[in-house]
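Generate the whole structure from the sequences, applying the supplied hints.
Chains A and B are the protein sequences, given in the same order.
The first sequence begins at 1 in my numbering and counts up one residue at a time.
The second sequence begins at 171 in my numbering and counts up one residue at a time.
Just some of the chain B residues that point at chain A, by a computed CB distance under 7 Å:
#1 H315
#2 K336
#3 H340
#4 R347
Facing chain A, from chain B, some residues (calculated, C-beta under 8 Å):
#5 P213
#6 G290
#7 E292
#8 R293
#9 T294
#10 W297
#11 L316
#12 G344
It is worth saying that the hints were derived from the structure and are not from the lab.
It should be emphasised that the depicted structure is a prediction, and the values quoted were computed from it without experimental measurement.
By construction, the Cβ of each residue, glycine as well, lies at the ideal position given by its N, Cα and C atoms.
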Amino acid sequence: MRECPDEGTLERLFVGEGRAAEQRHVESCRECAMRLRRIERDVERIREALFADPPRELVRRASPARPLRPLLGVVALGAAAACAAALLWVRPRALEPTESPSELASFVQTASQALLLAVEEEPDTTVNSREEQLAALGAAITGGRPCTLDDQLDAEPCDPQDVTTLAQGW
Amino acid sequence: MAKEVDRDGGLKSVPGPRSRFDELYRAHAVRIGRLCRWLLSDPGEAEDVAQEVFLKLHRALEEGTEAQAWEPWLTTVALNACRDRRRSAWWRRVWQPAVELDESKLPGLHRDAEEELLGGEERTRIWVAYRALSPRQREVFALRHLEGWSTEEVAQMLGMSSGSVKRHLHRAIGHLRRTLGGRA
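Right, dumping it as structure tokens:
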């Protein structure tokens, strides 16, 4: 090996790494041996400096009362912006009607009938009318037709509602 | 290798836990404190962790733990305690690498030899460079070149291969020498 190794290779040899050929070269080359000794001296200087107390300015800078990491602030700000964007994206979607227009029209019609029925009822039948109203609304929600007094004579199927359960649900 | 006592602490008459603790504390307190200071940037934190290490030693002695050699035991406990402290959440939140290596704000590299001779500026430069090393490089350099353990002992204490220790050491030395102007 004719060419002398670079500093990196010499440092590798210094820590015990490196190839046998490089090691042999350093042992035979006076210049490389001197360079290796310089690395040893540098490490000794570093060692002496680190055995002394750290400089005062470094200790001051290491005070725990320092402000938060700037990176943390950026991360927090980013998370807040992401939350706000998610809210803006989710909310309009939640308000969008899920039913088709015909279903909606049918619901409105059934609900109106139920309300009209309630208005036409006599005061002494308030409880019944309220139950019927609830049943009608319940049927409108589930898509069926509420049972009425006429249904006792009719053969058409109706949707009997458990009024109590519905009322509790509301 | 800066060691105040031999590895078994010279405790041949099997003293009680209390006297054994005192002896080990006297023998290793300075060394463990220094090691913690090399591994953590804040001297206050280093002092806390060193006390933590000796509290663990006290507990171990009370429980009748028998270590073959207390010196590596204490060193490993100190390494783990420093690592835990660095990893803890509040540490991460409040702390940042103590000093960024900003070459432009440091004294010039090319000065007279007399000035260079471990003056205050050089010491600052070396400490700044040392703190800019990765935690692993710091551990490896401190154990190998400051504490004087062999490469194999360092590898065992850190749970790494000897090759990894040498690679970390090589990078650490390269970085530190650059700050001295000793490497092109």
